[in-house]
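> For the sequence shown, position 180 (counting from the first letter as 1) is numbered 751 according to our numbering, and the numbering increases by one without interruption.
Hint data in this document are derived by calculation from the structure and do not stem from the laboratory.
Positions of the beta carbon are idealized from the N, C-alpha and C atoms, including for glycine.
Check each hint, because a few of them may be wrong.
Stated by the list, open to error - Estimated spans, in silico, between C-beta atoms of each pair:
| id | residue 1 | residue 2 | range |
| --- | --- | --- | --- |
| 1 | Pro703 | Asp585 | 18 to 24 Å |
| 2 | Arg625 | Asp717 | 20 to 26 Å |
| 3 | Val579 | Glu628 | 28 to 34 Å |
| 4 | Thr582 | Leu653 | 20 to 26 Å |
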Amino acid sequence: MTGERPRVLITEQDIQRRVTELARRIDADFEKSDEILLLGVLRGAFIFLADLARQLETPNRVDFIALSSYENGSQFAGGVRLIMDSRINVSGRHVLIVEDILDSGRTLEYLLETFEARHPASLRSCALVRKPGQEVPVELDYLGFDIPDEWVVGYGLDFGDHFRTLPYIGVVEPDQPGAG
572 MTGERPRVLI TEQDIQRRVT ELARRIDADF EKSDEILLLG VLRGAFIFLA
622 DLARQLETPN RVDFIALSSY ENGSQFAGGV RLIMDSRINV SGRHVLIVED
672 ILDSGRTLEY LLETFEARHP ASLRSCALVR KPGQEVPVEL DYLGFDIPDE
722 WVVGYGLDFG DHFRTLPYIG VVEPDQPGAG
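Throw the hints in and build the complete structure from the sequences for me.
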């Protein structure tokens with residue numbers, strides 16, 4: 572793939588510093604827990620989840636889930652469905668859903684409703700970045716960064732499956748060379 576590198580929005584150093592801060596907060600909140608189940612939302616959260624899990628002192632298990640959003644024009648436009656479920660029973664466990672980005676809020680709302688119905692001991696949410704103007708008001712327990720309403724890539728986030736492994740979070744323009 573050719574094209575310009577995305578403009579840096581959040582540096583690698585700032586991300587690592589914030590991940591460490593989030594891990595300390597999570598450790599403090601779960602200090603009396605035997606274990607946390609970290610549920611990473613594929614594919615975007617995989618790098619963030621890996622770094623967060625390594626920073627935690629609280630014992631943890633990692634599992635992944637994957638979702639699909641209905642395409643516009645379908646009968647259920649804007650809907651979300653689980654296409655890969657957790658392999659671990661969440662009942663009675665402390666669960667932390669780890670997302671890459673909170674944008675509309677629909678995905679996180681769906682996940683919180685879905686996993687709350689499975690009777691975890693506790694259910695919290697964490698996102699690396701949050702854009703303004705959520706359509707669905709959902710509260711995050713842990714947030715890395717608030718960002719402007721731009722197309723962001725890197726550190727797990729992608730544009731057309733490109734730029735996902737950049738060590739920083741950058742901004743691309745949809746018509747930028749190499750962005751599609």
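> Hints first: check each against the structure and report whether it holds.
Results for each hint:
{"no.": "1", "hint": "Pro703 x Asp585: 18 to 24 Å", "verdict": "holds, 19 Å"}
{"no.": "2", "hint": "Arg625 x Asp717: 20 to 26 Å", "verdict": "holds, 24 Å"}
{"no.": "3", "hint": "Val579 x Glu628: 28 to 34 Å", "verdict": "holds, 30 Å"}
{"no.": "4", "hint": "Thr582 x Leu653: 20 to 26 Å", "verdict": "violated, 34 Å"}
Checked against the numbered hints above, the structure violates only hint 4.
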